[in-house]
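Q: Chains A, B and C supply the protein sequences, listed in that same order. Each residue of the first sequence is one higher than the one before, counting from 1 in the working numbering. Each residue of the second sequence is one higher than the one before, counting from 1 in the working numbering. Each residue of the third sequence is one higher than the one before, counting from 1 in the working numbering.
Everything labelled a hint here was simulated from the structure, so no lab data went into it. Keep in mind that a hint or two might mislead.
[Said to hold, decoys possible] Part of the chain B face toward chain A, derived, beta carbon under 10 Å:
#1 7
#2 11
#3 13
#4 17
#5 18
#6 19
#7 21
#8 33
#9 34
#10 35
#11 36
#12 38
#13 39
#14 43
#15 127
#16 128
A virtual CB, placed ideally from N, CA and C, is assigned to each residue, including glycine.
One letter stands for each residue in the lines below.
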Amino acid sequence: MNQLKNFTKGFIKENPVFALFLGLCPTLGVTTTAINGMGMGLATTFVLLMANIVVSLIKNFIPDKVRIPSFIVIIASFVTIVELTMQAYLPDLFEALGLFIPLIVVNCLVLGRAEAFASKNNLLSSAVDGLGMGLGFTFALTLLGAVREILGSGSIFGLKFIEGDGMLIFILSPGAFIALGYLIVIINKLSKKGA
Amino acid sequence: MAKKESNLKNMLIALLSITLIASASLGGIYELTKEPIAAAKLEKKNNAIKQVIPEFDNNPTSEVYKAAVDNDTLYFYPGKKGGDIVGTAVETFTNLGFSGEIKVMVGFLPDGTINDVAVLEHEETPGLGDKMDRKKSDWSVQFQGKNPETFRLLVKKDGGDVDAITASTISSRAFCDALARAYEEYKSINDNK
Amino acid sequence: MEYIIIIISAIFVNNIVLNKFLGICPFIGVSGKIETATGMSGAVLFVMTIATLVTYLIQNYILIPFGIGFMQTITFILVIATLVQLVEIILKKVSPSLYQALGIFLPLITTNCAVLGVAIMAGQQDLNLMESIVFAIANSLGFGLALILFSGLREHLELAEVPGPMKGVPIAFIVAGLLAMAFMGFAGIV
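Only chain A is shown next, with the shape it has when bound in the complex:
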């Protein structure tokens, strides 16, 4: 397997958010700022990478009928590790991301990759896949977060460039849906042009 292709597919062609429409709940829920989007993306990437590695390592020891519950326990463990570590060392980010951190365990992206890829491929490919998809996810979340932050708060990564508030609708719930919808349209148009 061409590992370079394996790694880069997660960015545009098979981007979890823009192309596969996986992991939408945190995508809409935490992207009020670019930093939050990035934080969530990286946390998810960690879980995805570690889960893919473990699943790929022990895939031959798991009987087929219990593979989904096994994957779930493995993923949930890494999510809890992220929860505890963030609570201890990054408490502000932990508070900002709130409920969505434990929800990484039901992120269809993570379970989906474990089932579709890691359980059928070797260690290196699974790890690269996890990393690539995770970073693609991070890219999508950071991008959406940046758009919402610029339009809604007039700032980027916490640095304000206008006085007062922006178009607040974008940091509220309707704005999330609308911003994501238009982003998908733009990305679709761009990737069609290049294709």
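With chain A fixed as given, assemble chains B and C onto it according to the hints.
A: Below, chains B and C alone, put in the same frame as chain A:
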């Protein structure tokens, strides 16, 4: 290498071992992070306390006392310098917020004057009610140095002395409610001392 | 009276899908037809309520007393996964047609963030047993409401003239945003 067969024995062994290893690792990480987590929580509380009362040299959180009010609890953190109380930070709340509960830390000087206020938690509307947060606007500065005996903790519309946030009367009212609750309790505790 | 507040808040003011962003995957995935939307909502109602009940018991009689609160994520998700398996088995026997109609979406309830989310939220808000059950039922009704309303809208979208690049998912999101905006009108009721 062929996959293990899905008979009962194999399924049980696989599930059991995965669960055991997972629980053990998690237990370990929990032990490792227990202290940093507690320390982070404490620091956050101390930062809020430092914001609202004058400089102190004791550890207010270790001298906390509580009062049960309205189905909930108020927490009182006394700040002392050289053994004398310089201010008491009160963790109060209100359920009258536009979008739910608001938690506020208010610092009272020994004579009941408000030293400063800090919002701990809220879900008020961005651009409107969230102006109660010092990070968003200076609205809450008006409470500094005011004594609730003479400065009525109600919005002007309700006959009080507080300037409400423009277009956010409900959030402003809720904020006053939190402060009033804290003051009532603080007064009754100190009058009984 | 408390219960009325919980119900109105969960269905309208803090709608689980349009306000809290939970349950988006099935929201986009199952809302093509009103019938599948209704079927999915019923299944979610069942799973969410029982899951919240069971996780409440686990949280208050096992996790907290034994000081293993950090096991919350794992135990909750395993309860939900098990329940979904049970629902699948029961549905196959009781209503094979509905089972067929729901297809892949039934096992997907396991990864429905709304179910896990509601279970965790009930614990965070310190609700008692009865309140947690009411909270779960109300939230699943809110989920159903959003889902069925949205599927009605999407059925109409199929017949509308949508510009090429916006067809399908993008226009769905934008319309969902408008629906979310409408629901914002409920803010401040409770």
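Q: It remains to establish, for every hint, whether it holds in the given structure.
A: Each hint tested on the structure:
Annotation: residue 7 of chain B was flagged as interfacial toward chain A, and the flag holds, the nearest CB pair being 7 Å apart, inside 10 Å. For residue 11 of chain B, the suggested interface contact is upheld, since its CB lies about 5 Å from the closest CB of chain A, less than 10 Å. For the restraint placing residue 13 of chain B at the interface with chain A, the shortest Cβ-Cβ distance is roughly 9 Å, inside the 10 Å limit, so the hint holds. Proximity of residue 17 of chain B to chain A holds as hinted, the smallest CB-CB distance being about 8 Å (cut-off 10 Å).
Interface hint at residue 18 of chain B: satisfied, since its Cβ lies 5 Å from the closest Cβ of chain A, which is below the 10 Å cut-off. About 6 Å separates the beta-carbon of residue 19 of chain B from the nearest beta-carbon of chain A, less than 10 Å, and the hint is met. Interface restraint check for residue 21 of chain B: the shortest CB-CB distance to chain A comes to about 8 Å, inside 10 Å, so the restraint holds. For the restraint placing residue 33 of chain B at the interface with chain A, the shortest Cβ-Cβ distance is roughly 4 Å, inside the 10 Å limit, so the hint holds.
Among the interface hints, the one on residue 34 of chain B holds; its C-beta lies about 8 Å from the nearest C-beta in chain A, closer than the 10 Å criterion. The interface hint given for residue 35 of chain B holds, since its Cβ lies 8 Å from the closest Cβ of chain A, which is under the 10 Å cut-off. A distance limit of 10 Å between C-beta atoms decides the matter here; for residue 36 of chain B the minimum to chain A is near 4 Å, and the interface restraint holds. At a threshold of 10 Å, the smallest CB-CB gap from residue 38 of chain B to chain A is about 9 Å, leaving the interface hint in force.
At about 8 Å, the closest approach between the beta carbon of residue 39 of chain B and any beta carbon in chain A falls short of 10 Å, and the interface hint on this residue holds. At its closest, the beta carbon of residue 43 of chain B sits 8 Å from a beta carbon of chain A; the interface hint therefore holds under the 10 Å criterion. Against a cut-off of 10 Å between C-beta atoms, the interface hint on residue 127 of chain B holds, since the closest Cβ of chain A lies about 4 Å away. For the restraint placing residue 128 of chain B at the interface with chain A, the shortest Cβ-Cβ distance is roughly 9 Å, inside the 10 Å limit, so the hint holds.
In summary, the structure agrees with every hint in the numbered list given earlier.
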